[in-house]
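Asks: Sequence:
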Amino acid sequence: MEWTKTSDGLWRIQEGSEPGIGIAFLFLGWVVFTVIGAVMFTLFSIIRVGKGNRGFARDSVNMKDFAAYFAWVQWLTLLFYLLVWMQAPDALDGTSGSSLDLVLPYIPHLIMLGTGMMWFRGRLSTLGFYSVAWKRWLWAVGVVILLYVGVFYLLDAVVTEPVAKGLSLELNSWREDSISQGVSQAREQGWISVTGQVLMLGLIGPVAEELVFRGVLFSLLSRRLGKIAAVIITALLFALFHVDVAFLASLFVLGLLLGGLRAAFGSIWIPILFHVVNNTVSVVMDLWG
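Position in the sequence shown (first residue = 1) + 79 = my numbering.
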């Protein structure tokens with residue numbers, strides 16, 4: 080990210096155009112470290128399969144689950160992008176001009192979701208994936224609607240704008256701009272691309288993120304530190320995950336709401352519902368705006 084001072088005296092944060100030599104070496108070091116760690120993890124996993132998965136709890140999420148899940152996500156993501164880099168390097172910076180430009184940014188979400196479904200198969204209830212009584216669902220839907228209306232009308236005025244003003248930040252989000260550009264590109268390519276964007280942004284993305292933050296992380300942290308700490312920590316990690324400094328405070332508040340829904344209702348389906356509604360409405364507004 081690049082920080083530049085505008086003529087209004089505000090800090091504008093945008094995606095960097097050319098990385099410096101220091102960043103390049105850091106990236107190279109990260110790749111080498113990740114590859115070595117991934118290879119070692121794969122070898123140990125093969126050995127463990129032969130001995131049986133001892134040490135992995137069936138009724139809860141423990142540290143071994145946490146480490147194994149995120150190691151697989153990291154390894155599979157790196158492997159996928161290395162293959163893309165070898166076959167279609169232009170697609171990595173969104174300049175290939177094909178539908179691949181629209182799909183690639185969401186591959187990590189597919190990997191997070193798929194890995195979670197596989198690793199926790201047969202025990203997804205430990206992540207909060209369990210049914211809710213219909214009366215409780217009615218109550219949950221009402222709460223979600225009220226919270227979303229509050230977020231839609233109040234979040235920017237009460238949180239986003241005051242924090243940005245206090246920190247002299249320009250309310251310009253390269254992440255949001257990138258998403259809007261992707262939606263516009265999909266609209267130009269036709270209804271198939273539009274449908275794909277709605278599914279990726281409005282459904283797959285929210286489900287994958289909730290599986291990670293309100294599923295794996297919340298289940299582990301609430302068991303060790305309690306629900307309140309789990310709500311706060313997962314909200315902070317959720318905000319940092321989106322790498323959007325100007326909207327960090329509002330993302331943190333959204334994380335608190337999502338974590339609060341998970342803590343209050345128990346089932347992860349409730350924060351998923353809120354997240355899906357929030358993202359889908361944003362995508363539809365981009366499509367018709």
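For the record, the hints were derived by calculation from the structure and aren't laboratory data.
A portion of the hints provided could be inaccurate.
What the hints assert, rightly or not - Cross-link-like lysine-lysine pairs, in silico, DSS-like; alpha carbons within 30 angstroms at most: (1) K143 / K244; (2) K306 / K214; (3) K244 / K84.
Asks: Between the alpha carbons of K306 and K214, is the straight-line distance 30 angstroms or under?
Replies: holds (24 angstroms)
Asks: For the pair supplied as a hint, K143 and K244, is the alpha-carbon distance within the 30 angstroms limit?
Replies: violated (43 angstroms)
Asks: Does K84 lie within 30 angstroms of K244 when you go C-alpha to C-alpha?
Replies: holds (14 angstroms)
The structure fails hint 1 only (numbered hints given earlier).
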